[in-house]
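Using the sequences and the hints given, assemble the complete structure.
Sequence lines, in order, name chains A and B.
When the letters of the first sequence are read in order and numbered with the working numbering, they come out as residues 1 to 415.
When the letters of the second sequence are read in order and numbered with the working numbering, they come out as residues 1 to 415.
Some hints here could point you the wrong way.
One copy or two, either will do: identical chains are not told apart, so a pair holds if it fits within one copy or between any two.
Claimed, not checked - The calculated BS3-like cross-link candidates involving lysine-lysine, where the alpha carbons are at most 25 Å apart (straight line), are:
no., residue 1, residue 2
1, K274, K149
2, K410, K155
3, K410, K156
4, K362, K335
5, K384, K362
6, K337, K155
7, K149, K384
8, K384, K410
Treat the hints as calculated values from the structure; they're not laboratory data.
All of these numbers come straight from a predicted model, not from anything done at the bench.
2 protein chains.
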Amino acid sequence: MFRRLLSFDEAKQLLEQSFSSVPVGEEQVSISDAYDRVLAQDVVSPIDIPPFSRSTVDGYAVKAADTFGASEDKDINLRFCGHVAIGEAPAVTVEEGSAAEIVTGAPLPDGADAVIMVEYTSRQGENIFVRRPVASNTNIMAKGSDILKGETVLKKGRILGSREIGALAAIGLTDVTVYRRPKVAVLSTGGEVVELGTVLPPGKIFDINAHTLSAAVVECGGEAINLGIFPDEKDMLKRALEEALASSDVVLTSGGVSVGPKDFTPQVVDSLGKPGVIISGVAVKPGKPLTIAVVEGKPVFSLPGNPTSSLFMFTVFVRPILLRLAGRTEEEMPKVKAVAAQKMFPARGRRTFTMVNLAYNKDGTLLVSPVSTGLSGAITTMTKADGFVEISEKQQFVDAGTEIDVFLFKKLKKP
Amino acid sequence: MFRRLLSFDEAKQLLEQSFSSVPVGEEQVSISDAYDRVLAQDVVSPIDIPPFSRSTVDGYAVKAADTFGASEDKDINLRFCGHVAIGEAPAVTVEEGSAAEIVTGAPLPDGADAVIMVEYTSRQGENIFVRRPVASNTNIMAKGSDILKGETVLKKGRILGSREIGALAAIGLTDVTVYRRPKVAVLSTGGEVVELGTVLPPGKIFDINAHTLSAAVVECGGEAINLGIFPDEKDMLKRALEEALASSDVVLTSGGVSVGPKDFTPQVVDSLGKPGVIISGVAVKPGKPLTIAVVEGKPVFSLPGNPTSSLFMFTVFVRPILLRLAGRTEEEMPKVKAVAAQKMFPARGRRTFTMVNLAYNKDGTLLVSPVSTGLSGAITTMTKADGFVEISEKQQFVDAGTEIDVFLFKKLKKP
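Structure representation (structure tokens):
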């Protein structure tokens, strides 16, 4: 078990080396349930799109050569040979000198190689008068011109939104192979926390972390399994962790990692399997007691009990891993640049994360300042924050007037 | 029934006047299921947070006055009077001249008004030696200092992310009142479209719109009810629309609004109730045949059959309405400014929406250009696009080198 406090960068690097976060697996889902899932395989089209050459206008399907020389002054007379409806195989073949009525989207009949728009024609009984020439392939979307059978339509890793689902439907897929959502077991520890829905006994507080962390897991494309609160009892905690490891891909605990006499979570986690605890404390603020273990290839994050600390440590350590386990390789937290409204200091020697508010000043400059509840670890700090800043332990301070990156919790409203 | 083609702005305005899009209703959900839902009521705390004054450090609970005058040179001797554990009501009262051992998060015992950090003390048996003075309220988070009983914690309209769910848990709520998801019935029409999962008969295409539109509904916080494909038969379509209206808040149809002989959807929609069709065609490209009706207070959007047109019309007409019905008042589409890489023209007299690609050039300028499939209405245009631009019918063109807003489909990657 490590004893030295690692720097933030060392901890991140060690975690990367100790745990290879590749997608946890694949599953088939119906395209009706595929919204916001991630493709686990390239999607190859089993058909041509369009599946047949079709008209892109209402008019007449013709042999282009038959229209050559037509003009407003000198129309060309073609013989009406039938019509082609949308959604049906054409019953007609266009012979030299003839024309078939056709609507937008209907299949081009055999023999025709162009469609002339109805505006450039007139009809009297069986006679179609064509007033303009058309070149071959005019007003036709050729079979396979959009997607060829065998062509890759969407690549592995693509997140499925409405447009992507449209492409899957176009090629007729009912199901699609996506990455399985990583299962994340969430356990709370600590004698002071109780389940919601009770009258709070003296000295107790409600279990906040189980709920913030579960929501944060869903936010990253994971599936949260809330296992509840475990009392400060080693054997029960160990059994709970063993079950959590057996049934999930990642385990999160919160609480029980501070310095109090009953905080034995790291010890218990270390006893679960190899390599065990790899990171025991990180030079960050908040979140210093963060402990990370890898047990038989699965990561176990022991997050602090304080809800704000716990959520920060989730955001900077757990979130990137979880996104990769979910196959979501591309998602960064949204950020903006803003000007520090006041001097901000890192905690001595520790990478510091500070909840902040953003505001535009009169000249339109976006200003950033720490959330001013004046209370460390307050719940209202979380709810009032627009985002957070990361201040390096190598910086003495961020001076007022300096530009700094702000990671956003929600979309920024313009002034 | 309107016959004049409305401009885009007129159509938007008429829709606003004809349909008041207020949230469709409320429901109670468990906070475990509340992620990404929208609060329908202000949330007021039933308890103080913290529920008791608690220590923010490990140390000794004392009467501050007892420590006055303490220094490194001249410590003050207090009598050990017991300890306070986390999660329990203190069994001890701090009398003058005494100190109780306390851990971070434990309730402050009666009689104490400050906590001195363990670092500034030493202990020999029952004697606690204090080397620094503490002021009253030092290292204490007072009962109710974060949230007062009766205080509004989160306002109506707030979207519930992990931080907000943390606040709900902190005050002990198991359930929360959120806006109901608007139910959106999705019907496809047209003799050419068939359900997925079959071998495509000649002349047919798969139903794309039901799937793109259902996903787009989910994207806006709605619940999609895919009612399937209705053939070009008036009575069946009318019955289907009546059932759709009875069971949903919004109805979307696609297809059947072009100029072909069988396109009677607008007529059928108009016969369903008052006021009926309010918008019959809009000067936009693509999507001109868009028809919008209001029937007994519910909007019915008849979208074009072409998947790209249909999705554009959803984005610009249906999405803003749906977000408001879902109580999501604040969400705009993400957009960036980019420089036109080539001249872009609106269709004559029509508000024009064009799928575009973004790319950084060598000097870091973000350039925007139309997706170049060369095919109108291609599926691949949708999947290859990074976003779209809106070109006003009042503009002659967007000149190459001009800056223009690009609405984004996905997050932008930096160069």
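Here is what the structure says about each hint:
1. K274 <-> K149: Result: close neither inside a copy nor across copies, 49 Å intra and 47 Å inter.
2. K410 <-> K155: between (29 Å within a copy, 15 Å between copies)
3. K410 <-> K156: The answer is between: 16 Å across copies meets 25 Å, while 28 Å in one copy does not.
4. K362 <-> K335: Intra 22 Å, inter 23 Å, cutoff 25 Å: intra and inter.
5. K384 <-> K362: Answer is within; shortest intra-copy Cα gap is 22 Å, inter-copy 40 Å.
6. K337 <-> K155: So K337 and K155 fail the 25 Å test inside a copy (32 Å) and across (27 Å) alike.
7. K149 <-> K384: between (53 Å within a copy, 18 Å between copies)
8. K384 <-> K410: within (11 Å within a copy, 27 Å between copies)
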